[in-house]
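Work out the full structure: start from the sequences and follow the hints.
Chain residues, written in single-letter form:
Number of protein chains: 2
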Amino acid sequence: MSRTIKPSILPGFMELLPSDQILFNQMMDTIRDVYEKHGFNPIDTPVIEKEEILLAKAGGETEKQLYRFEKGDNKLALRFDLTVPLARYVAQYYPELSFPFRRYQISKVFRGEKAQRGRFREFYQCDIDIIGNEELSVINDAEILSVIYNIFKTLKLSDFTIRINNRKILYGLMAELQVKDSAAVLRSMDKIEKIGQENVIKELKKEDISDANISKIVDFVQQKGSPEEIISYLRGMGIDNEVFQKGIEELAEVVEYIKYFQVPQENYTIDLTIVRGLDYYTGTIYETMLNDYQSIGSVCSGGRYENLAGYYTDKKLPGVGVSIGLTRLFYQLRESNIIKNESSTLTKVLVIPMDRSTTGYSIGVTKGLREAGIVAETYLEDVKFKKKLNYANKLSIPYVIIIGTDEMTSGSLSLKNMLTGQQDQMTIDAIIKEVQKP
Amino acid sequence: MSRTIKPSILPGFMELLPSDQILFNQMMDTIRDVYEKHGFNPIDTPVIEKEEILLAKAGGETEKQLYRFEKGDNKLALRFDLTVPLARYVAQYYPELSFPFRRYQISKVFRGEKAQRGRFREFYQCDIDIIGNEELSVINDAEILSVIYNIFKTLKLSDFTIRINNRKILYGLMAELQVKDSAAVLRSMDKIEKIGQENVIKELKKEDISDANISKIVDFVQQKGSPEEIISYLRGMGIDNEVFQKGIEELAEVVEYIKYFQVPQENYTIDLTIVRGLDYYTGTIYETMLNDYQSIGSVCSGGRYENLAGYYTDKKLPGVGVSIGLTRLFYQLRESNIIKNESSTLTKVLVIPMDRSTTGYSIGVTKGLREAGIVAETYLEDVKFKKKLNYANKLSIPYVIIIGTDEMTSGSLSLKNMLTGQQDQMTIDAIIKEVQKP
Chain A
1 MSRTIKPSIL
11 PGFMELLPSD
21 QILFNQMMDT
31 IRDVYEKHGF
41 NPIDTPVIEK
51 EEILLAKAGG
61 ETEKQLYRFE
71 KGDNKLALRF
81 DLTVPLARYV
91 AQYYPELSFP
101 FRRYQISKVF
111 RGEKAQRGRF
121 REFYQCDIDI
131 IGNEELSVIN
141 DAEILSVIYN
151 IFKTLKLSDF
161 TIRINNRKIL
171 YGLMAELQVK
181 DSAAVLRSMD
191 KIEKIGQENV
201 IKELKKEDIS
211 DANISKIVDF
221 VQQKGSPEEI
231 ISYLRGMGID
241 NEVFQKGIEE
251 LAEVVEYIKY
261 FQVPQENYTI
271 DLTIVRGLDY
281 YTGTIYETML
291 NDYQSIGSVC
301 SGGRYENLAG
311 YYTDKKLPGV
321 GVSIGLTRLF
331 YQLRESNIIK
341 NESSTLTKVL
351 VIPMDRSTTG
361 YSIGVTKGLR
371 EAGIVAETYL
381 EDVKFKKKLN
391 YANKLSIPYV
401 IIIGTDEMTS
411 GSLSLKNMLT
421 GQQDQMTIDA
431 IIKEVQKP
Chain B
1001 MSRTIKPSIL
1011 PGFMELLPSD
1021 QILFNQMMDT
1031 IRDVYEKHGF
1041 NPIDTPVIEK
1051 EEILLAKAGG
1061 ETEKQLYRFE
1071 KGDNKLALRF
1081 DLTVPLARYV
1091 AQYYPELSFP
1101 FRRYQISKVF
1111 RGEKAQRGRF
1121 REFYQCDIDI
1131 IGNEELSVIN
1141 DAEILSVIYN
1151 IFKTLKLSDF
1161 TIRINNRKIL
1171 YGLMAELQVK
1181 DSAAVLRSMD
1191 KIEKIGQENV
1201 IKELKKEDIS
1211 DANISKIVDF
1221 VQQKGSPEEI
1231 ISYLRGMGID
1241 NEVFQKGIEE
1251 LAEVVEYIKY
1261 FQVPQENYTI
1271 DLTIVRGLDY
1281 YTGTIYETML
1291 NDYQSIGSVC
1301 SGGRYENLAG
1311 YYTDKKLPGV
1321 GVSIGLTRLF
1331 YQLRESNIIK
1341 NESSTLTKVL
1351 VIPMDRSTTG
1361 YSIGVTKGLR
1371 EAGIVAETYL
1381 EDVKFKKKLN
1391 YANKLSIPYV
1401 IIIGTDEMTS
1411 GSLSLKNMLT
1421 GQQDQMTIDA
1431 IIKEVQKP
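If you read the protein sequences in the order shown, they are chains A and B.
Throughout the first sequence, residue numbering follows this note's numbering, covering 1 to 438 in sequence.
Throughout the second sequence, residue numbering follows this note's numbering, covering 1001 to 1438 in sequence.
Hints listed in this document are in silico derivations from the structure and should not be mistaken for laboratory results.
None of the values given here were measured: they were computed from a predicted structure.
Among the hints, erroneous ones may be present.
Not everything, but these chain B residues come out facing chain A in the computed CB check (under 10 Å) [as the list claims (entries may be wrong)]:
1) Ile1005
2) Ile1022
3) Thr1313
4) Ser1357
5) Gly1360
6) Gly1373
Glycine included, C-beta positions come from ideal geometry on N, C-alpha and C.
Next comes the structure, spelled out in structure tokens:
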């Protein structure tokens, strides 16, 4: 070799050692399993899409972050989310799909963001959406919330709150108060937890809103209480704006059905401050907070949109969905020591032949363990015994079976528990039972 | 929306409907499961690498096919295989890894190939490799073969043959026969099944090889028989070239250990014609053929290499591994009707409320099914009954539970088998038992 290139990856990309990768995959498998149990089906759109497909929806910051390139006559780009590919997919295969169309996709997306700690340029999104044909019952909004609940419960991140709100209520309120720049006002409202009441009032004053209306807004965003209490407050506000009233009805129906989905009341709340930045939400919106780690921000967000695929089809396709940014979530949970890796390998048993004379026999023992469903491997290198045991130690393999000529002859094997150091002579059947103990 | 963009993807990219995606994922899960059972651990390298990392190894056709682009000050490229990222990974994290390092990676790779039927520009590779530190026993070559065996056995593609050969034998033979352009001769040998003996002889004549040596080569590539017979033939060739002899010893050791791994003799063979195009193989090489579908070509290939990461480190890292090009394999199996999709959904039971008055109760029934491990969903749209049943029919959902007021009151539910049309009143427990029947 003439020269050596320093082995490294680009900044802003996550790459894990096997110990963390195992942990990451466990989380991803859990999310996938919950999605599938709920009857969401997989799709896997290409990483590379036609540039025009992605640009139809991009714009602003997203367009700047897009990885774009050419190859042959084609203008290409890497997907920046999974929603635009979903819209394109549903429009493209519309005649072949059944509606409501329930799909999940767990895939990497790409954004050429400014490098920052905890922000990634390549990251996994875990998305579910339910897409209706022309119509989609608001009960689906309650089901999506129940899926979020089941995900975080199964991930054993149990102290979490799913916050919901409804965009129609926000838009209706803005219309009622005749706010000119409603986007700016909503942004201010969204920040009340971060910057406090005083600063929100300051920002609202700049927007040329009367003191009476500012009071109304501040009162509105500060509502706390049970879902029923908040709905009752909203109904009592005396705003007969049609959109506002529609929003209350949707929210009330979602709350009613959440009970049937048996989501405990401690795990969800109506939070009138949440707004969600994305323009296309038109009804229910979701954010999910880990209560002991609020600084992480929302770990699962989404909402209801009236028309998914207007750029690609004339069909009206309303939908509701959420997304988990798994790469960032994993990074934050690891940084905060909320999750910890336990082993550098999936292997539960290492079978060590004392020397070459027992290697063949050891391979058979390993095969028997595997057939019983145990992840096992044979140490195949012809090195000193200490080095073999070292391999098990370094990877934190919980059990080692040591096989010399005696063991091979008698069939009574030596099982060493690497955690306790205990070593026993056992039959292969007894070993399988011992290792399979939960 | 001002304009509608035709929803489409680029040519040369695979995208599946859910029915096929479910099938594809089942194959991918099987491969992953077999890899993991054998103690291979997951890694997940970035899709985007530094251009210089990939260019170190690329060159020729690969370099032309590379998707390259710039963002900010960085020169980027999409990985074209999983071996180069593995080499970079092992060199980069060398101090933190345990050797032999057993890893698998199942990920998409990207090649801007000329568009052709059955060739893809974005496709999954499923790779396993075992990397040694300085040394790696040739027994690992036998283990890799046993992993291939277990994969295709578990995929129920049972009539397959893993062909093995050893590059040292080929190089040794070329040296012994003083062949000038050994690459050209090996390419000709590799083609004997396709183009026949006469044409191979023609090609060899062009290479300025004596008639006596041509006879030797033709005799060599036409050897058939048991592994023992072929090894005995090789030993009897009277070639005392050192590399050739080393190759025979390696091959004999692999064959000896394959027995301990209990791979049936019908599933592997020594095939002296296989060569594998990639330069870096230095010992055992593998190809896997589906016997009834030889035209598909090798569905799992790989080999032994003396030094994985020479471009990125001075450490000597020998390894052995194989790769399954899953996207292409899936495409070919589907085209040939070797595999068939059975359903457009993972859902086993659709719970249909007759109307809104039983929707809440139905949601509870669905939850009960899910808790018993059954993929279930509630039909939530308020439409005509026929349309609800149609949804189940179109997706081939095997069971439907219909819930009216009577069912809600009595707790005796109506289970309809959508395949047979049979409908029975049953308790939820009886339904769970019925649906879980294998």
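Evaluation of the provided hints:
1. The criterion of a C-beta within 10 Å of any C-beta in chain A is met by Ile1005 (chain B), whose closest approach is roughly 5 Å, and the hint holds.
2. A hinted interface residue such as Ile1022 (chain B) counts as satisfied when its beta carbon comes closer than 10 Å to some beta carbon of chain A; here the least separation is about 7 Å, so the hint holds.
3. At about 7 Å, the closest approach between the beta carbon of Thr1313 (chain B) and any beta carbon in chain A falls short of 10 Å, and the interface hint on this residue holds.
4. The beta carbon of Ser1357 (chain B) is not positioned within 10 Å of any beta carbon in chain A (closest approach about 12 Å), and the interface hint is therefore violated.
5. A distance limit of 10 Å between C-beta atoms decides the matter here; for Gly1360 (chain B) the minimum to chain A is near 4 Å, and the interface restraint holds.
6. Given the 10 Å rule on beta carbons, the hint for Gly1373 (chain B) holds: about 8 Å separates it from the nearest Cβ of chain A.
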